[in-house]
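Participant: Position chain L relative to chain B; hints supplied.
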Amino acid sequence: MTLWWIGDAVLLLVVLPVVVYLLRGVLEAAKSIVPSVDGIATVATAGSKDLDAAELLLTTRDQVTETVAGLADYGGSLDVILDDAERR
Amino acid sequence: MSAPAVVMILAVLLIVLALVFYLVSTIVALRRITAGLDVVIGEVGEIVRKSAPVNDVVTTINEQLDAGVDLLEGLLVKKAGLTDAVGLVDGLYPGAAAAGFRNVPESTEVTAPRIGEVYTRGTLTLARLGREAPIAAASPAGEVLRNVEGGSTAARGLYPSVRHTSPEHLPTSPVIGTGAPEQYERREDVGAPRKRLPTERS
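Residue numbers (my numbering), protein chains in the order written: chain B, 2 to 89; chain L, 21 to 222.
Isolated chain B (complex conformation) (with noise of 0.2 angstroms):
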């Protein structure tokens, strides 16, 4: 009967809270856990929103090169120019 009550006293005083002990360690984890992945989750959807432009650098590309070709034009024709106003 000694035993059976030492086992009781056993249980409750020092299993039952270090059970709770451990569970609510791993419940505060997870718990901090989800601001977190909330705080990621909107920084990614604005991440993903700020992105929306970037399909815009395939119209700069083009506008690029049809620059420089222009460019091209302007500067084959200006060293054209400069050499005739340089033999006159």
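Worth double-checking, as some hints may not be accurate.
Per label pair, the in silico range of CB-to-CB distance [said to hold, decoys possible]:
#: 1; chain 1: B; residue 1: Ala73; chain 2: L; residue 2: Ala118; range: 53 to 63 angstroms
#: 2; chain 1: B; residue 1: Val19; chain 2: L; residue 2: Asn75; range: 51 to 61 angstroms
#: 3; chain 1: B; residue 1: Gly71; chain 2: L; residue 2: Asp76; range: 20 to 30 angstroms
#: 4; chain 1: B; residue 1: Ile34; chain 2: L; residue 2: Asn75; range: 26 to 36 angstroms
Coverage of chain B stretches by chain L, computed from C-beta distances (three or more under 8 angstroms per stretch; other residues unrestricted) [stated by the list, open to error]:
#: 5; region: 14–23
#: 6; region: 31–43
#: 7; region: 54–64
#: 8; region: 68–82
If you're looking for bench data, these hints aren't it; they were derived computationally from the structure.
Think of the CB as a built atom: it goes at the ideal place given N, C-alpha and C, for glycine as much as any other residue.
Facilitator: Chain L alone, transformed into the frame defined by chain B:
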């Protein structure tokens, strides 16, 4: 049933209840984490999809711009000469002469003429663009841009402005308000109703 057995059952029941409470709470938190990570994964996928062509596009743009820079540098060096080209670039963008031209490695060794201290950016542009530019037409020494050692007074003389010739004799700004050296009394008729002239009777 004996008392110790009842206490044992109660203790086990308490432990099970604690397990259920904390494990269910943990499961709820993990489910929220999973939902948040699902959103993150979706948005990161969008970011990856949207940024996939950026590298190629930017590389192409850089190649095109490199070609444009090579073209302009080559034309400038060919037409103005290496020394004047370096001076012109340094005059427009102070300090750029140290970097030199990309396709002309020896340009870093050229001492840039101090063109930028003598002529403004607009004057330089005019001098380069047209021989009708006043700085090129009126200069007695010929091509002013090439004469980098020419005095700045010659350039100032082309634009007869009091600010260029004698800035120390500029009239001082007038002092107004209560601190003005000249104080005038306010006229009483200013702001008063205008006197009406008598009408003529025929």
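Participant: For every hint, state whether the structure bears it out.
Facilitator: Verification of the hints:
1. Ala73(B) - Ala118(L): 53 to 63 angstroms: Since Ala73(B) and Ala118(L) have Cβ atoms about 28 angstroms apart, the given range 53 to 63 angstroms is violated.
2. Val19(B) - Asn75(L): 51 to 61 angstroms: holds (55 angstroms)
3. Gly71(B) - Asp76(L): 20 to 30 angstroms: For Asp76(L) against Gly71(B), whose Cβ atoms are near 23 angstroms apart, the range 20 to 30 angstroms holds.
4. Ile34(B) - Asn75(L): 26 to 36 angstroms: Roughly 33 angstroms apart at Cβ, these two residues keep to the hinted range, so it holds.
5. 14–23: This one holds; 4 residues, not fewer than the three required, reach chain L with a Cβ under 8 angstroms.
6. 31–43: holds (count 8)
7. 54–64: With 6 residues close enough to chain L, the hint holds.
8. 68–82: With 7 residues closer than 8 angstroms to chain L, the region 68–82 of chain B meets the three-residue bar; holds.
The structure shown violates just one earlier hint, number 1.
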